[in-house]
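Participant: In terms of the working numbering, the sequence shown is residues 6 to 56.
If you're looking for bench data, these hints aren't it; they were derived computationally from the structure. The beta-carbon is built from N, C-alpha and C at its ideal position, and this holds for glycine as well. Hints should not be assumed to be uniformly reliable.
The calculated label-pair distances, taken between Cβ atoms and stated as ranges, are [to be verified]:
{"no.": "1", "residue 1": "Glu-18", "residue 2": "Ile-48", "range": "31 to 41 Å"}
{"no.": "2", "residue 1": "Ala-49", "residue 2": "Asp-12", "range": "31 to 41 Å"}
{"no.": "3", "residue 1": "Met-6", "residue 2": "Met-34", "range": "30 to 40 Å"}
{"no.": "4", "residue 1": "Thr-8", "residue 2": "Gly-53", "range": "14 to 24 Å"}
{"no.": "5", "residue 1": "Ala-49", "residue 2": "Lys-7", "range": "35 to 45 Å"}
{"no.": "6", "residue 1": "Arg-38", "residue 2": "Leu-11", "range": "17 to 27 Å"}
{"no.": "7", "residue 1": "Ala-49", "residue 2": "Met-6", "range": "31 to 41 Å"}
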Amino acid sequence: MKTALLDYDLPNEMIAQRPAVPRDAARLMRVDRAAGSLSDHRIADLPGLLR
6 MKTALLDYDL PNEMIAQRPA VPRDAARLMR VDRAAGSLSD HRIADLPGLL
56 R
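Build the full structure now, drawing on both the sequences and the hints.
Facilitator: Written as C-alpha coordinates, this is what we have:
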(Lines of atoms letter the chains of each structure in order from A and count residues from 1; the text may use other names and numbers.)
(Lines give C-alpha, C1' and ligand atoms only; values in the text may rest on other atoms or scores of the structure.)
Protein backbone atom coordinates (compact mmCIF):
# COMPACT_ATOMS: atom_id res chain seq x y z
CA MET A 1 0.00 0.00 0.00
CA LYS A 2 1.29 3.42 -0.88
CA THR A 3 1.19 5.96 1.93
CA ALA A 4 -0.06 8.56 -0.56
CA LEU A 5 -3.40 6.72 -0.49
CA LEU A 6 -3.73 7.73 3.17
CA ASP A 7 -3.34 11.48 2.55
CA TYR A 8 -6.45 13.62 3.02
CA ASP A 9 -7.40 17.15 3.99
CA LEU A 10 -8.40 17.66 7.62
CA PRO A 11 -9.49 21.21 8.44
CA ASN A 12 -8.10 22.57 11.72
CA GLU A 13 -11.61 23.27 13.02
CA MET A 14 -12.33 19.52 12.89
CA ILE A 15 -9.48 18.72 15.32
CA ALA A 16 -10.34 18.75 19.03
CA GLN A 17 -8.70 21.67 20.81
CA ARG A 18 -9.34 20.27 24.32
CA PRO A 19 -10.53 16.98 25.83
CA ALA A 20 -14.22 16.16 26.06
CA VAL A 21 -15.87 16.84 29.42
CA PRO A 22 -16.60 14.39 30.87
CA ARG A 23 -13.77 12.42 29.28
CA ASP A 24 -15.95 9.38 28.55
CA ALA A 25 -18.17 11.61 26.39
CA ALA A 26 -15.54 11.56 23.62
CA ARG A 27 -16.91 10.26 20.33
CA LEU A 28 -16.14 6.84 18.89
CA MET A 29 -16.92 5.37 15.47
CA ARG A 30 -17.53 1.62 15.27
CA VAL A 31 -16.86 -0.23 12.02
CA ASP A 32 -18.74 -3.52 11.63
CA ARG A 33 -16.86 -5.24 8.81
CA ALA A 34 -19.24 -8.21 8.64
CA ALA A 35 -22.30 -5.99 8.18
CA GLY A 36 -20.43 -3.29 6.28
CA SER A 37 -21.82 -0.60 8.59
CA LEU A 38 -20.60 2.34 10.66
CA SER A 39 -22.16 3.52 13.92
CA ASP A 40 -21.54 6.47 16.25
CA HIS A 41 -20.92 5.86 19.95
CA ARG A 42 -19.29 7.43 22.99
CA ILE A 43 -16.23 6.11 24.82
CA ALA A 44 -18.58 5.28 27.72
CA ASP A 45 -20.18 2.68 25.38
CA LEU A 46 -16.87 0.88 24.79
CA PRO A 47 -17.21 -1.88 27.43
CA GLY A 48 -20.53 -2.99 25.92
CA LEU A 49 -19.10 -2.89 22.40
CA LEU A 50 -16.21 -5.16 23.36
CA ARG A 51 -18.49 -7.94 24.61
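Participant: Which hints, by number, does the structure contradict?
Facilitator: 1, 3 and 4
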